[in-house]
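Chains as they are written, first to last, in our numbering: chain A, 1 to 205; chain B, 1 to 221.
Hints were generated in silico from the structure; no laboratory data involved. Model, not experiment: these values are computed from the prediction. Incorrect hints may appear among the rest.
The calculated label-pair distances, taken between Cβ atoms and stated as ranges, are [unchecked claim]:
{"no.": "1", "chain 1": "A", "residue 1": "D166", "chain 2": "B", "residue 2": "R69", "range": "42 to 52 Å"}
{"no.": "2", "chain 1": "B", "residue 1": "E76", "chain 2": "A", "residue 2": "A182", "range": "52 to 62 Å"}
{"no.": "3", "chain 1": "B", "residue 1": "R69", "chain 2": "A", "residue 2": "N38", "range": "28 to 38 Å"}
{"no.": "4", "chain 1": "B", "residue 1": "E76", "chain 2": "A", "residue 2": "G126", "range": "36 to 46 Å"}
{"no.": "5", "chain 1": "A", "residue 1": "P110", "chain 2": "B", "residue 2": "G154", "range": "35 to 45 Å"}
{"no.": "6", "chain 1": "B", "residue 1": "G154", "chain 2": "A", "residue 2": "A57", "range": "52 to 62 Å"}
{"no.": "7", "chain 1": "B", "residue 1": "V160", "chain 2": "A", "residue 2": "P89", "range": "33 to 43 Å"}
{"no.": "8", "chain 1": "A", "residue 1": "E64", "chain 2": "B", "residue 2": "E76", "range": "49 to 59 Å"}
{"no.": "9", "chain 1": "B", "residue 1": "L35", "chain 2": "A", "residue 2": "P110", "range": "18 to 28 Å"}
{"no.": "10", "chain 1": "A", "residue 1": "P89", "chain 2": "B", "residue 2": "R156", "range": "22 to 32 Å"}
{"no.": "11", "chain 1": "B", "residue 1": "E76", "chain 2": "A", "residue 2": "D166", "range": "36 to 46 Å"}
{"no.": "12", "chain 1": "A", "residue 1": "W68", "chain 2": "B", "residue 2": "V160", "range": "51 to 61 Å"}
{"no.": "13", "chain 1": "A", "residue 1": "F134", "chain 2": "B", "residue 2": "E43", "range": "26 to 36 Å"}
Stretches of chain B that chain A covers, calculated by requiring three or more beta carbons in the stretch to come under 8 Å of a beta carbon on chain A [what the hints assert, rightly or not]:
{"no.": "14", "region": "12-23"}
{"no.": "15", "region": "33-47"}
All C-beta atoms in this analysis are idealised placements derived from N, C-alpha and C, irrespective of residue type, glycine included.
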Amino acid sequence: MVAFSGTRLTCIRGERLVFEDLGFSVEEGAALYLTGANGSGKSSLLRVMATLLRPAAGELCWNEVDVWDDIPAHHDRTRYVGHANGVKPVLSVGENLTFWAAISETRSEPVGQRVQTALDGVGLGGLSQMPARFLSAGQRRRLNLARLLAAPARLWLLDEPAAGLDEGSTAVLESMITSHLAKGGMAVVATHDAVPAGARRLELP
Amino acid sequence: MRGFTDTLRRELRLALRQGGDSLLVVMFFVLVVVLFPLGAGPEPGILSRIGAGIIWISALLAAMLSMDRLYQSDFEDGSLELLVLSPAPLEIVVLAKAAAHWLTTGLPLIVASPLLGLLLNLEAEGIGVMLVSLTLGTPALSLVGAIAAALVLGARRGGVLISLLILPLFIPILIFGVGAVDAALLELTYRPQLMVLGALLLLAAALSPWAAAAAVRQAVA
Chain A
1 MVAFSGTRLT CIRGERLVFE DLGFSVEEGA ALYLTGANGS GKSSLLRVMA TLLRPAAGEL
61 CWNEVDVWDD IPAHHDRTRY VGHANGVKPV LSVGENLTFW AAISETRSEP VGQRVQTALD
121 GVGLGGLSQM PARFLSAGQR RRLNLARLLA APARLWLLDE PAAGLDEGST AVLESMITSH
181 LAKGGMAVVA THDAVPAGAR RLELP
Chain B
1 MRGFTDTLRR ELRLALRQGG DSLLVVMFFV LVVVLFPLGA GPEPGILSRI GAGIIWISAL
61 LAAMLSMDRL YQSDFEDGSL ELLVLSPAPL EIVVLAKAAA HWLTTGLPLI VASPLLGLLL
121 NLEAEGIGVM LVSLTLGTPA LSLVGAIAAA LVLGARRGGV LISLLILPLF IPILIFGVGA
181 VDAALLELTY RPQLMVLGAL LLLAAALSPW AAAAAVRQAV A
């Protein structure tokens, strides 16, 4: 059974202790929801999991192997969705997603078809040719989430993915996560919304 | 290698769509060069003596002017984080960005320089060597600049800071670039200077992707 886990993690940012002695684990087909007040360290924990931040202490393991020993492998199996969407206003919607899909994959098969399917999946299918500067904030967020579909990976790290989304899109996001988990994927989601019943939850102090 | 071509294509497309930017750099370059005859007086003797230096220094300033944009917009819109997290080696991505910077600013400067050489009354032999020295030197400027641009990410007044970081590092390139042209004008051998420039370029190509990638990782942490 594949597992992603952290033990005794400590994170210090700008001399401020964000969290210490924190442990978590996510198994195949399971999601972990991070909850807690603003500033409790949800984003920092996700950034640690993505290896953007190096923890001051503690271990981050994938199948008992330290993640920091093989960073490219970790980047290959992880998709991170942060607060910023990484959308270039002067590129078209399709060009934006094509670039991210191409650079997120080590396989060298063409990404064109998957990009269109992913855009259809988040309801941007008809806007592929449109310059991204005409997208609303919610549509930009959906374009960012489309990366998850266009370049599939085992582990999703989502930092408040529903921010700026309308009800319909939030439902689409939830079904994306459900079907990802059903296929044996894993997800860590920081959220302020209600956590689905039965899902595992980590409350940051 | 895939990360390189994908990033290069994206950067070039961005530069093309945003237009103007490389045109502005070339216009800045031309204007600075044109200011010198006005400031130093129009005697052809003086101008042909210092012409190579004028063109090289103007090229340094123009390259530096465009440097701070290398990662800035990616840093602000979150793209830089995603680039760091992509499985493609960050060193390759950074190298592609430096290559795109050279293609969109260095190359237009080289193209514009012969005309400016004529304007400054440089001899034909000098112009030829200047073209070669710029061709060897400007990629090194983009590579060194890629380190400095990554170091100042997130700093306030990054644009001013970057010039303080970068200009001292440009000095060796300037010395050998101008030295080659001067040697050619004096009908001396200029091969050694060009070879040193080539060596500096190779050194920058080998070292700067690592240094710039480390600085980028630091910036997004």
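Hint check:
The hinted window of 42 to 52 Å between D166 of chain A and R69 of chain B is violated, with their beta carbons roughly 34 Å apart. Taking the beta carbon of each, E76 of chain B and A182 of chain A are about 37 Å apart, not inside 52 to 62 Å as hinted. Between R69 of chain B and N38 of chain A the Cβ separation comes to about 33 Å, which falls inside the hinted range of 28 to 38 Å. At roughly 29 Å, the beta carbons of E76 of chain B and G126 of chain A sit outside the given window of 36 to 46 Å.
Judged by the Cβ atoms, the range 35 to 45 Å given for P110 of chain A and G154 of chain B holds: they are separated by roughly 36 Å. At about 25 Å, the beta-carbon gap between G154 of chain B and A57 of chain A misses the expected band of 52 to 62 Å. V160 of chain B and P89 of chain A have their C-beta atoms about 27 Å apart, which leaves the hinted 33 to 43 Å range violated. At about 38 Å, the beta-carbon gap between E64 of chain A and E76 of chain B misses the expected band of 49 to 59 Å.
Checking the proposed 18 to 28 Å range against L35 of chain B and P110 of chain A shows it is violated: the Cβ atoms sit about 51 Å from each other. Taking the beta carbon of each, P89 of chain A and R156 of chain B are about 24 Å apart, inside 22 to 32 Å as hinted. Under the hint 36 to 46 Å, the C-beta atoms of E76 of chain B and D166 of chain A, about 26 Å apart, miss the expected range. Between W68 of chain A and V160 of chain B the beta carbon distance is about 36 Å. The supplied range of 51 to 61 Å is therefore violated.
Between F134 of chain A and E43 of chain B the beta carbons are some 56 Å apart, a value that contradicts the proposed interval 26 to 36 Å. Residue count for the region 12-23 of chain B with a Cβ under 8 Å from a Cβ of chain A: 4. That meets the three needed, and the coverage hint holds. Under the rule that three or more residues need a Cβ within less than 8 Å of chain A, the assignment of the region 33-47 of chain B is violated, with 0 such residues.
In this structure, the earlier hints numbered 1, 2, 4, 6, 7, 8, 9, 11, 12, 13 and 15 are contradicted, and the remaining ones agree with it.
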